[in-house]
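Engineer: Chains as they are written, first to last, in numbering that gives the first Met the number 0: chain A, 0 to 213; chain B, 0 to 213.
By construction, these hints were calculated from the structure, which means they are not laboratory data.
Warning: the hint list may mix true and false statements.
[Stated by the list, open to error] Calculated cross-link-like contacts (lysine-lysine; reagent style DSS-like; alpha-carbon spacing at most 27 Å): (1) A:K99 <-> B:K16; (2) A:K80 <-> A:K7; (3) A:K12 <-> A:K77; (4) A:K12 <-> A:K99; (5) B:K16 <-> B:K99; (6) B:K88 <-> B:K7; (7) B:K77 <-> A:K77; (8) B:K88 <-> B:K16; (9) B:K46 <-> B:K99; (10) B:K91 <-> A:K46; (11) B:K46 <-> A:K7; (12) A:K99 <-> A:K88; (13) B:K99 <-> B:K12; (14) A:K80 <-> A:K91; (15) B:K46 <-> B:K7; (16) A:K99 <-> A:K46; (17) A:K91 <-> A:K46; (18) B:K12 <-> B:K91; (19) B:K77 <-> A:K7; (20) A:K12 <-> A:K80; (21) B:K7 <-> A:K7; (22) B:K7 <-> A:K77; (23) A:K77 <-> A:K7; (24) B:K99 <-> A:K99.
[To be verified] Pair by pair, the computed Cβ-Cβ distance ranges are: (25) A:A112 <-> B:S101: 46 to 52 Å; (26) A:P103 <-> B:H83: 36 to 42 Å; (27) B:K12 <-> A:S161: 29 to 35 Å; (28) B:Q204 <-> A:N33: 40 to 46 Å; (29) A:K88 <-> B:E179: 32 to 38 Å; (30) B:G142 <-> A:L210: 19 to 25 Å; (31) B:R75 <-> A:H39: 47 to 53 Å; (32) B:H200 <-> A:S161: 42 to 48 Å.
The beta-carbon is built from N, C-alpha and C at its ideal position, and this holds for glycine as well.
Protein chains: 2
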Amino acid sequence: MITVALPKGALLKDCIKLLQSVGLDFSAFLDSSNRQLQIHDTTGTAKALLVRTHDVPVYVEYGQAQLGVVGYDVLREKSPKVAHLADLKFGKCRLSVAVKASSPYRQSLELPAHGRVASKFVHCAREYFHNLDMPVEIVPLYGSVELGPITGMSEAIVDLVSTGRTLTENGLIEIDVLFESSARLIAHPLSYRLNSDNLEHLISQLREATLATA
Amino acid sequence: MITVALPKGALLKDCIKLLQSVGLDFSAFLDSSNRQLQIHDTTGTAKALLVRTHDVPVYVEYGQAQLGVVGYDVLREKSPKVAHLADLKFGKCRLSVAVKASSPYRQSLELPAHGRVASKFVHCAREYFHNLDMPVEIVPLYGSVELGPITGMSEAIVDLVSTGRTLTENGLIEIDVLFESSARLIAHPLSYRLNSDNLEHLISQLREATLATA
Chain A
0 MITVALPKGA
10 LLKDCIKLLQ
20 SVGLDFSAFL
30 DSSNRQLQIH
40 DTTGTAKALL
50 VRTHDVPVYV
60 EYGQAQLGVV
70 GYDVLREKSP
80 KVAHLADLKF
90 GKCRLSVAVK
100 ASSPYRQSLE
110 LPAHGRVASK
120 FVHCAREYFH
130 NLDMPVEIVP
140 LYGSVELGPI
150 TGMSEAIVDL
160 VSTGRTLTEN
170 GLIEIDVLFE
180 SSARLIAHPL
190 SYRLNSDNLE
200 HLISQLREAT
210 LATA
Chain B
0 MITVALPKGA
10 LLKDCIKLLQ
20 SVGLDFSAFL
30 DSSNRQLQIH
40 DTTGTAKALL
50 VRTHDVPVYV
60 EYGQAQLGVV
70 GYDVLREKSP
80 KVAHLADLKF
90 GKCRLSVAVK
100 ASSPYRQSLE
110 LPAHGRVASK
120 FVHCAREYFH
130 NLDMPVEIVP
140 LYGSVELGPI
150 TGMSEAIVDL
160 VSTGRTLTEN
170 GLIEIDVLFE
180 SSARLIAHPL
190 SYRLNSDNLE
200 HLISQLREAT
210 LATA
């Protein structure tokens, strides 16, 4: 039986819709009263795990799920050993540098040397400023990164932006984009190579469904 | 003005109660419609930041908050450079090793060598098994750690246990305790040493309030 790891949160609804379009129904995960973390499809051909978005590549890397859906941002941040199969075209957002609208900075290169940048994406942020040859200190945060500049702890943040509403509400503006992100289909490399449980068939169906809706 | 970093989640209610007992009212954070991440006390003498529990020591370490409340588990996991002032006696729980109730393991030493242990507390788990001289692989997860043994990805987990309800619901049992945890009062070392904003007075009040309710 094929197991698919699905991410809690923003991408879940589109994941469920995509899987429904190829005949696999995991819509029970969308029921707000649901407490189950794994469910079987009604046809008995597949199982889904509901996990935190950062944990999806872990389940796929260890082979506990043959397939998974996760944001490109997570793949860039964690560089997991998984096969990256397809861009699913939903969950579009970007990893951006933002500063206080009232600050004088309008691009990353204008930030003060040895300034501070708060981020949940420590690895991506470090690599970006390293490539710009700018020595900044990355302050690792788990949430509410916008508090960094508001409290004065950091000059900038590196965070995911989709509508930009959170930035605006907090008096911040986007000044540079590290990369664009969207949901990606990933696979356990060995299962993919061995085509366990005819994985290739399901992957082809998912690719076609993605092209049909794009 | 003194700034206090408060953790979202399980400890928040008791934090607010403790601060109210010394005359500081941040109860607006408990309003479910609240979206503010920083509020001023009505007396204008203090400010509170509402942040993720793992971020509390970051704000205190960087001096953006002179005081903070955080679980001992976070202090053990992250070893932040903060002054550890007092045990506040609430938020009691323990970091434990748990396995499937149906497994043969009844203590950590019985786990298979080179087995896998899933945890959000990667550092604590690694240190614990290292001290037992047991070579295990720690699988880092962000949430729903109980899925580790359920899916077969790991033989055991290291996770926080308070009532034990989550373990029971998932067919797991606790077999060893790494350490007991509770909420702790922490301070920015330099502010504490310099007694900025008469920090020592507030700390004494908080100590007394804790003793009074203990």
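Engineer: All hints, please: hold or fail.
Structural biologist: Here is how each hint holds up against the structure:
1. Using a Cα cut-off of 27 Å, the hinted pair K99 of chain A and K16 of chain B is violated, with the two alpha carbons roughly 33 Å apart.
2. Straight-line distance between C-alpha atoms of K80 of chain A and K7 of chain A comes to about 21 Å, which keeps the hinted pair within the 27 Å bound.
3. Restraint check for K12 of chain A and K77 of chain A: satisfied, since their Cα atoms lie roughly 24 Å apart, inside the 27 Å limit.
4. Straight-line distance between C-alpha atoms of K12 of chain A and K99 of chain A comes to about 33 Å, which puts the hinted pair past the 27 Å bound.
5. For the hint linking K16 of chain B to K99 of chain B, the alpha-carbon distance of about 38 Å lies beyond 27 Å, and the restraint is violated.
6. The suggested pairing of K88 of chain B with K7 of chain B holds, with an alpha-carbon distance near 18 Å, which does not exceed 27 Å.
7. At roughly 19 Å between alpha-carbon atoms, K77 of chain B and K77 of chain A fall within 27 Å of each other, so this suggested pair holds.
8. Distance check on the hinted pair: K88 of chain B and K16 of chain B sit about 13 Å apart at the alpha-carbon level, within 27 Å; holds.
9. Among the hinted pairs, K46 of chain B with K99 of chain B is inconsistent with the structure: their alpha-carbon atoms are about 45 Å apart, more than 27 Å.
10. Annotation: proposed proximity of K91 of chain B to K46 of chain A is violated, straight-line Cα distance about 37 Å (limit 27 Å).
11. Between K46 of chain B and K7 of chain A, the direct Cα distance comes to roughly 33 Å. Violation of the 27 Å bound is thereby established for this hinted pair.
12. The hinted pair formed by K99 of chain A and K88 of chain A fails the criterion: a straight-line CA distance of about 31 Å is larger than 27 Å.
13. Annotation: proposed proximity of K99 of chain B to K12 of chain B is violated, straight-line Cα distance about 33 Å (limit 27 Å).
14. Straight-line distance between C-alpha atoms of K80 of chain A and K91 of chain A comes to about 23 Å, which keeps the hinted pair within the 27 Å bound.
15. With a C-alpha separation of about 16 Å, the suggested pair K46 of chain B and K7 of chain B falls inside the 27 Å cut-off, and the hint holds.
16. For a cut-off of 27 Å, the pair hint linking K99 of chain A to K46 of chain A is broken: about 45 Å separates their Cα positions.
17. Distance check on the hinted pair: K91 of chain A and K46 of chain A sit about 26 Å apart at the alpha-carbon level, within 27 Å; holds.
18. In summary, the hint linking K12 of chain B to K91 of chain B is supported, as the alpha carbons are separated by about 14 Å, within the 27 Å threshold.
19. Proposed proximity of K77 of chain B and K7 of chain A is supported: the alpha carbons are some 26 Å apart, at most 27 Å.
20. Between K12 of chain A and K80 of chain A the alpha-carbon distance is near 26 Å, which keeps this suggested pair within the 27 Å criterion.
21. Restraint check for K7 of chain B and K7 of chain A: satisfied, since their Cα atoms lie roughly 20 Å apart, inside the 27 Å limit.
22. Using a Cα cut-off of 27 Å, the hinted pair K7 of chain B and K77 of chain A holds, with the two alpha carbons roughly 26 Å apart.
23. With a CA separation close to 18 Å, the supplied pair K77 of chain A and K7 of chain A stays within the 27 Å bound.
24. A hinted pair counts as satisfied when its Cα atoms are at most 27 Å apart, and K99 of chain B with K99 of chain A does not qualify at roughly 49 Å.
25. Checking the proposed 46 to 52 Å range against A112 of chain A and S101 of chain B shows it is violated: the Cβ atoms sit about 58 Å from each other.
26. Evaluation of the 36 to 42 Å hint for P103 of chain A and H83 of chain B yields a pass: the beta carbon distance comes to about 39 Å.
27. K12 of chain B and S161 of chain A have their C-beta atoms about 32 Å apart, which keeps the hinted 29 to 35 Å range intact.
28. Distance hint for Q204 of chain B and N33 of chain A: a CB-CB separation of about 45 Å, consistent with the stated range 40 to 46 Å.
29. A hinted range of 32 to 38 Å is violated for the C-beta pair K88 of chain A and E179 of chain B, which are about 49 Å apart.
30. Separation of G142 of chain B from L210 of chain A is about 33 Å and departs from the stated range, judged on CB atoms against 19 to 25 Å.
31. A beta carbon spacing of about 39 Å between R75 of chain B and H39 of chain A contradicts the range 47 to 53 Å that was offered as a hint.
32. Separation of H200 of chain B from S161 of chain A is about 45 Å and conforms to the stated range, judged on CB atoms against 42 to 48 Å.
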